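Number of protein chains: 2
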Amino acid sequence: MTELKNDRLLRALRRQPVDVTPVWMMRQAGRYLPEYRATRKKAGNFLTLCKTPELACEVTLQPVERFPLDAAILFSDILTVPDAMGLGLYFEAGEGPRFRRPVRSAADVDRLGVPDPEQDLGYVMDTVRLIRRELDGRVPLIGFAGSPWTLATYMVEGGGSRDFRRIKGMLYEQPALLHRLLDVVTEAVTAYLDAQIAAGAQALMLFDTWGGVLSHRAFPEFSLQYMARIARGLHRGTGESRIPLILFTKGGGQWLEAMADAGADALGLDWTTSLGEARRRVGDRVALQGNLDPAALYASPETIRRLVAEVLSDYGKGNGHVFNLGHGIHPQIPPEHAAVMIDAVHELSRPYHG
Amino acid sequence: MTELKNDRLLRALRRQPVDVTPVWMMRQAGRYLPEYRATRKKAGNFLTLCKTPELACEVTLQPVERFPLDAAILFSDILTVPDAMGLGLYFEAGEGPRFRRPVRSAADVDRLGVPDPEQDLGYVMDTVRLIRRELDGRVPLIGFAGSPWTLATYMVEGGGSRDFRRIKGMLYEQPALLHRLLDVVTEAVTAYLDAQIAAGAQALMLFDTWGGVLSHRAFPEFSLQYMARIARGLHRGTGESRIPLILFTKGGGQWLEAMADAGADALGLDWTTSLGEARRRVGDRVALQGNLDPAALYASPETIRRLVAEVLSDYGKGNGHVFNLGHGIHPQIPPEHAAVMIDAVHELSRPYHG
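Chains as they are written, first to last, in this note's numbering: chain Y, 1 to 354; chain A, 1 to 354.
Careful, some of the hints might be misleading.
Unchecked claim - Only part of the chain Y face toward chain A is listed, based on derived beta-carbon distances under 7 angstroms: (1) S161; (2) R162; (3) S274.
To be verified - Okay, the calculated beta carbon distance ranges per label pair: (4) A:E336 to Y:R37: 45 to 55 angstroms; (5) Y:E302 to A:E302: 56 to 66 angstroms; (6) A:G276 to Y:R281: 16 to 26 angstroms; (7) A:E118 to Y:F91: 23 to 33 angstroms; (8) A:R232 to Y:D110: 37 to 47 angstroms; (9) A:R37 to Y:E347: 40 to 50 angstroms.
None of these hints come from the bench; they were simulated from the model. Since we're looking at a predicted model, the values are computed, not measured. Ideal placement from N, C-alpha and C gives every residue a C-beta, glycine not left out.
Please work from the sequences and hints to get the whole structure.
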């Protein structure tokens, strides 16, 4: 493999010194970019875009070509895993994701198998290999998956939800059944991420998008426990070549102490938690990633620079910070505003290093 | 006025001893009750239900007649205040609230006046007076309003929002304009709640439903500051007859220390924060209200009793706890499950008192 020319992200995740704070954006390959919308149109629909390695690679590289980002992230969808488990993923126009065969009963759980990543999710692995070739060492490639809890919410609800009625019904009334479901999803996610590593992913992130809807008692039992199992079960190597792992629970700011002990290298933060306070709470156990409010990018360039400066100052001097938005970039953001943010991170973070 | 026969709520909010923990439910007058759905049908639409004192009084009393609740809460909508400010509230079938004239510019803000509660929101004050008469001292009546920030989100977005794009654009780019808007909304809410007190409300609650979408920097500046101004500006009386005030920021669990200093008597908590930990953090500055996950009521009676016991044990012995859900009761909950919860609170809390 080609040598990595920009290793800021990997160094920051390992809490090693860097020249400037590395930056990438959740959903950086997305609808706010006209070139993404063109490729998406060419693909015809979202799922075809995910399942065609050439197109998925194309959109993965678009933001890296446009901006001086410090990482690429695999373009895919967290729901490809339950799709490969036989649930039948489809997208209703303007409706978000749906499953043809949601998981509702013990029999439904029993039917689930662990997909073979190269066989059943081969298009993702082909995409990872293609991106690595096309990136040619410019920046590292981040692979990812949804957390078991987050995937289970879609699998049980049959799609997105506002009240999480079915999965919480299962959690409170049939916790053993939910644990069986989470067990098999955890196995599937572990195999899937291991295959991404084998295919060339250089860092990994677990998206726990819906962990924050759990109670303070349920979160450790039904989400964190399974993320920790993945963190410890993955074949991430050792020493300098060990693949770092980032955990991100949206709305999980209250639980950082417990999350810092889950075996990951970094925690993602949304914008409701101060990076400085988070740093005091987790000590030097993990690096931190975040956490500009994505809505800040609606503001003018001058304001964006001021808000970037605030986030950098929240974290303060020293190693272990990866700059990011606190959630995915909104589709209506002008790309030039993202550019302002990225440049501001590199420029304004210099005094915090070296 | 008739003497209050059940003063558990008021005593708990003042952190005085009670025999058992008082309990009420956010949205207790709501769609999960068949008698509510019947009155709603009779009214024809939601806004007529809010604006007809006899009907609003009827649905306010329904849960109090069905369950041994320790409080009634005025049936109304937080958006009646911006409606009275001239924004033209309407409800699109299945779409949630909308405003005909949203606030988008400085000129829009300048046009806003502070409504005269008895004149412009007289139907609410008539409802409060009617409920007090019909309640006849059985339990206290809680009045309420939306927080200025929460009302402003609807006023600027023109309805509900998922990304709060317009109001956050204003927050980051035109903070002075947003402060002017929040100023006038704060004045309106203060006058509105003062009028509710004059009409007979015996406790008050401020619903900061959307405070939790703010960044850790923006929350104190754009939401908490204005709630504190209301807490201190209201004419709540003194001593034993002072009207207690509850603040509730959904998703505000990280900010309890600051909220405890805002001048309210109690803080509402959603289910992501442990009551025990919250109590240690706020000390004896405020009482706490909450915090069962509303989805827990999908479970069986046995499970509901166990989950109630957990919440009571989280708070522990001593004064200052009002039991509630962590958010409004879901429309699909069987009323019998609410009954199980209410009975369990009274029965299982006895050992924690006296």
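Hints, one by one, checked against the model:
1. S161: Where the cut-off is 7 angstroms and the nearest Cβ of chain A is about 11 angstroms from Y:S161, the hint is violated.
2. R162: 10 angstroms, violated
3. S274: It holds, given that the least Cβ distance between Y:S274 and chain A is near 5 angstroms, below 7 angstroms.
4. A:E336 to Y:R37: 45 to 55 angstroms: Between A:E336 and Y:R37, where Cβ atoms are some 51 angstroms apart, the hint holds.
5. Y:E302 to A:E302: 56 to 66 angstroms: 59 angstroms, holds
6. A:G276 to Y:R281: 16 to 26 angstroms: 18 angstroms, holds
7. A:E118 to Y:F91: 23 to 33 angstroms: The hint (23 to 33 angstroms, Cβ to Cβ) is violated, given that A:E118 and Y:F91 are roughly 52 angstroms apart.
8. A:R232 to Y:D110: 37 to 47 angstroms: Given a distance of about 60 angstroms, which is not inside 37 to 47 angstroms, the answer is violated.
9. A:R37 to Y:E347: 40 to 50 angstroms: Violated, at about 59 angstroms.
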